[in-house]
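J.: These are the residues of each chain, in order.
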Amino acid sequence: MRLGLLIVGAVAAMGQQRNFVSCPIVRDTKTVPCFLAEYDGELYYLGIQQDITSDFHPPQLKHEVLVEGRVVPGPRVCGGIPLQPLSISVTKEINLACNTLLPAEPGMDAPSAPRGAGPSSLRRVEGDSAREPLTGRHEFTVLYAFNDDYLEYAGNTVVNEAAAYAKRIGASSVKVAGYRATTLLSNGDRLVEKAGLAEKRAQNITTILRGLGIAHLMVEWKNDAEPGDGQTDPSRRRVTILVTP
Amino acid sequence: MRRLLSIFFLIFAVALILSAQYQDRFKITWIEPGSGATLPEFDAFDSVDGTLGVLNASGPVNTQGHPFFTPLGTNGRACVNCHQPTYAMSVSTTGLLERWRLTDGKDPVFAAFDGSNCPGLPQDQEKTHSLLLKRGLFRIPLPWPPQNPDGSPKPVEFTIEVVRDPTGCNTSREYGLKSADPTISVYRRPRPAANLKYVISGGQPIVLKTGTLADVDPETGNPVSMNLMTDAREPSLKTQAISAIMGHEGAHEAPSRQQIEKIVEFESQVYVAQAAHIFGGPLAVAGGPPALGPAALRDRRAGVLGDNDYDPVFGLFNAWKGTDYYRASVARGSDIFMYRQFWLRDAAHINSIGLGNPIKRTCATCHNAQMTGQDLSAGWVDVGTTNYPTWTEPATWAESSELPVFKITCARDADPHPYLGRVIYTTDPGRALISGRCVDVGSIVMQQLRGLSARAPYFANGSAKTLREVVDFYDRRFDMKLTDDEKEDLINFLEVL
Chain P
1 MRLGLLIVGA VAAMGQQRNF VSCPIVRDTK TVPCFLAEYD GELYYLGIQQ DITSDFHPPQ
61 LKHEVLVEGR VVPGPRVCGG IPLQPLSISV TKEINLACNT LLPAEPGMDA PSAPRGAGPS
121 SLRRVEGDSA REPLTGRHEF TVLYAFNDDY LEYAGNTVVN EAAAYAKRIG ASSVKVAGYR
181 ATTLLSNGDR LVEKAGLAEK RAQNITTILR GLGIAHLMVE WKNDAEPGDG QTDPSRRRVT
241 ILVTP
Chain E
1 MRRLLSIFFL IFAVALILSA QYQDRFKITW IEPGSGATLP EFDAFDSVDG TLGVLNASGP
61 VNTQGHPFFT PLGTNGRACV NCHQPTYAMS VSTTGLLERW RLTDGKDPVF AAFDGSNCPG
121 LPQDQEKTHS LLLKRGLFRI PLPWPPQNPD GSPKPVEFTI EVVRDPTGCN TSREYGLKSA
181 DPTISVYRRP RPAANLKYVI SGGQPIVLKT GTLADVDPET GNPVSMNLMT DAREPSLKTQ
241 AISAIMGHEG AHEAPSRQQI EKIVEFESQV YVAQAAHIFG GPLAVAGGPP ALGPAALRDR
301 RAGVLGDNDY DPVFGLFNAW KGTDYYRASV ARGSDIFMYR QFWLRDAAHI NSIGLGNPIK
361 RTCATCHNAQ MTGQDLSAGW VDVGTTNYPT WTEPATWAES SELPVFKITC ARDADPHPYL
421 GRVIYTTDPG RALISGRCVD VGSIVMQQLR GLSARAPYFA NGSAKTLREV VDFYDRRFDM
481 KLTDDEKEDL INFLEVL
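If you're matching them up, the sequences are chains P and E in order. According to the working numbering, the first sequence is numbered sequentially starting from 1. According to the working numbering, the second sequence is numbered sequentially starting from 1.
In case anyone wonders, no lab produced these hints; they're calculated from the structure. Please note: incorrect hints may appear among the correct ones.
[Stated by the list, open to error] Only pairs whose alpha carbons sit at most 27 angstroms apart, straight line, appear in this in silico BS3-like list of lysine-lysine:
no., chain 1, residue 1, chain 2, residue 2
1, E, Lys481, P, Lys200
2, E, Lys127, P, Lys30
3, P, Lys30, E, Lys134
4, P, Lys222, P, Lys200
5, P, Lys92, E, Lys407
6, E, Lys487, E, Lys134
7, P, Lys92, E, Lys154
8, P, Lys222, P, Lys30
9, E, Lys178, E, Lys407
10, P, Lys194, E, Lys154
11, P, Lys222, P, Lys194
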C-alpha cells in the first residue's frame with residue numbers, strides 16, 4: 001500500500017514527462033525522415049535522421065523503443081508533440097509489429113537539418129578551441145541506453161577525452177565505476193536493467209582505457225540498480241571515470 | 001537506336017575478345033610461380049570492358065626469387081596464384097576455367113587444401129572444384145570455436161549446426177565440425193592485393209560499430225582498420241601474409257621476416273584500376289574525372305571520407321556530363337551512387353549503430369571511403385548476401401546451390417541479431433566466426449570497388465556473375481526501384497572504376 005502511494009506520487013510528479021515503451025513510427029518527408037512514437041493515444045516527435053555524430057540516435061523499426069522525454073510546449077513537429085530532453089533506448093528483442101513507415105505528406109515537413117538524406121555538404125571543422133582545458137580532478141560520465149552496454153559515439157568521445165586527459169596530466173589514478181538503473185514509466189511500471197550490466201559496462205570501459213595506454217586503473221561496480229524517479233533516470237545508466245592528478 | 005547500336009557493338013567487342021584475344025592473352029598474362037618474369041612499372045591487360053591498368057609505383061618488379069611470386073610452402077603455390085595482376089590482383093572465374101583447361105586441373109591454384117570443394121574429394125575432377133571454377137571461391141577453414149591469437153578458445157554466443165553440406169566438408173569426419181579439430185569451412189573470393197594503403201587506413205582505437213577496442217598491429221601496437229579480409233580476422237598485411245603462406249601455400253615452416261617484408265612491400269606499392277573502356281576511351285586524362293586510373297590511386301591520400309558533395313567518393317564526373325553517350329551515362333551512374341536515395345533497411349552494423357532503421361540515404365553512406373568505396377570505419381555489414389531469406393542463393397530450395405547452410409542458434413542472454421533474431425540460417429556466418437557474437441552473423445567486410453571489370457564474379461561468395469547481378473541484388477534487397485536506364489548508368493559507372 002505504501003509502495004503504491006509512493007508510485008502514484010511519483011507518477012503525479014512526472015507532470016509533462018513521458019516515459020513509455022512503444023513501436024516507433026517513421027514518417028518520410030521531402031527531406032529527411034522523422035521518427036515518432038505513439039503513447040496513450042497521442043503522437044510524439046522524437047527526432048530526425050542525422051549522422052552518427054548527432055545527439056539523437058533514432059529508433060529502429062522491428063524493435064520497440066523506450067522513450068524518456070519531457071513535453072515541449074509549442075507547435076507539433078512532423079505531426080508529433082516534441083520531447084526534450086529526450087532519451088531513446090532501442091530494445092534488443094525483435095518485434096515484427098513495429099513496422100510503420102509512412103509516406104511523405106504535403107505540409108508535413110521535417111525540421112531543418114544540418115544534413116539532408118544525400119551526401120553531406122558540411123565540411124569538417126577540426127578541434128574545439130573554445131573549450132577551456134581541464135585541470136585537476138575530473139569525472140567523465142559515459143551514458144548508456146537502457147539495458148545496453150554498447151558504447152555509442154558520444155560515449156566513445158568521452159572515453160577518448162578521459163584517456164587523453166589522464167595521459168596529459170600523468171594521472172595518479174583512474175577510477176572506473178559502473179552502474180545500472182531503474183526507469184519509472186509514465187504508467188507507474190518500473191523497468192530495471194538486467195543484473196550484471198553494471199559490471200559489464202565498467203569492465204568494457206576499463207578494457208578500452210587499458211588499451212588506450214592508461215595505467216593506475218581501478219574498477220568497481222554497483223550491483224544494485226539505481227532507483228528510478230521518472231525524471232532523471234537516463235542519467236543513472238552510466239559509467240563514471242574519475243581521473244585524479 | 002543509339003542504345004541498340006551500343007549493345008550491338010558491345011556484343012561484337014566481347015565476342016571478338018573472347019574468341020581471339022583471350023586465347024592468347026591467358027597464355028601470356030597468367031603468372032606462374034617462379035616464372036621469373038619482370039613486371040613493368042605500368043602494365044595494361046584486356047578486361048571484358050576495356051583495359052585494366054596495373055601500376056607498380058616503385059618501378060619494375062623482378063619476380064625472380066621474389067617471395068610473392070615464389071612458392072614458400074608445399075603445394076607449389078605462391079601469393080600470385082590467387083592474386084594475378086591481370087585480374088586486378090585477384091582472380092576471375094574466366095581465368096580459372098582457362099587455367100583448368102590448360103593444365104588439366106594440375107595448376108597449384110587448384111590445390112586440394114582449399115582449391116577444391118574439400119580436400120577429401122577426388123582431385124582430378126572439375127566437379128570437385130566447382131565452387132572455385134563456377135564462383136571463384138576458395139575454401140576457408142576456420143577453427144570452431146573461434147580462437148584468440150594464443151590459441152585459446154574465445155567465448156561464443158551461439159551454437160552452429162550444419163544443415164546442408166553439398167561439398168561434404170563440414171560433415172566430414174576428417175575436416176568437418178565434428179572432426180578432431182572442429183572446423184567450419186566457408187567459401188570466399190580472394191580480395192585484390194592492391195590499393196592497400198586505402199584498405200589499411202582509418203584505424204581508430206575504438207571500433208564505432210562495436211564500441212570496443214580495435215584490434216592492434218602486433219608489431220606496432222597501433223589500432224588497425226579492421227578492413228582486411230572478408231571477416232577482418234587478420235590485423236595487418238604481415239599477419240595476413242604469414243597466415244596465407246601457412247594455410248593456402250601449405251607451408252610447414254613460417255616464412256622469414258625478410259620474405260614477409262618483401263611481400264608487404266610489393267603489395268603496398270601496386271595499384272589497380274580500369275585504365276580504358278571500349279566505349280569510354282582512356283579514362284585517366286587531364287580534365288577528366290580525377291579518381292580514374294591507377295595513378296590517381298597512387299597519388300591520392302588515403303583515409304578520407306567521401307560521403308559528401310564537394311569531394312565525393314570517386315571524385316566529380318562533371319567533365320563527362322556532355323554529349324558523349326557512354327561518358328554521360330557514367331556520370332549519371334556516379335550521381336546515382338552518390339545521390340539516389342532509397343530506404344536502407346535492416347542492415348546490421350549500419351542501421352543498428354545509431355543511425356536508425358530505416359534511413360533514407362544513398363550508396364555512398366556505406367561505401368564512403370574515397371577512392372575505394374569501402375567503409376572508412378571497420379566495415380563489416382550484414383547487407384543480406386549470406387543470411388536467409390535475403391541471401392544470394394535461390395529463394396527456395398534448389399539443387400544448384402552448392403554452398404553449405406548453417407543454423408545458428410544464439411544464447412538467450414546474448415544480444416540477438418538485430419533483424420533476424422536468435423535463429424539464423426546462413427551460408428557464411430562471416431565476422432561471427434571470428435568474434436563469436438550473434439549480432440555479427442552474416443556480416444561481411446565491404447570490398448573495394450576498383451578494377452571490377454577484371455575480376456568477376458562479385459560479392460564475397462561469388463554469387464553475382466556480372467555487375468548487373470550486383471546491381472539487381474541491391475535493387476531487390478533495398479527496394480530501390482531502379483529503372484533499367486538507372487541500372488545501366490550504375491553499371492557503366494562501376495565498369496570504369
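J.: Run every hint past the structure and note whether it holds.
T.: Status of the hints after comparison with the structure:
1. E/Lys481 to P/Lys200: At roughly 44 angstroms apart (the allowed maximum being 27 angstroms), P/Lys200 and E/Lys481 break the hint.
2. E/Lys127 to P/Lys30: violated (53 angstroms)
3. P/Lys30 to E/Lys134: violated (45 angstroms)
4. P/Lys222 to P/Lys200: holds (11 angstroms)
5. P/Lys92 to E/Lys407: holds (21 angstroms)
6. E/Lys487 to E/Lys134: holds (25 angstroms)
7. P/Lys92 to E/Lys154: holds (23 angstroms)
8. P/Lys222 to P/Lys30: violated (47 angstroms)
9. E/Lys178 to E/Lys407: holds (15 angstroms)
10. P/Lys194 to E/Lys154: Measuring from Cα to Cα gives roughly 23 angstroms; hence the hint holds.
11. P/Lys222 to P/Lys194: Between P/Lys222 and P/Lys194 the Cα gap is close to 12 angstroms, so the pair holds against 27 angstroms.
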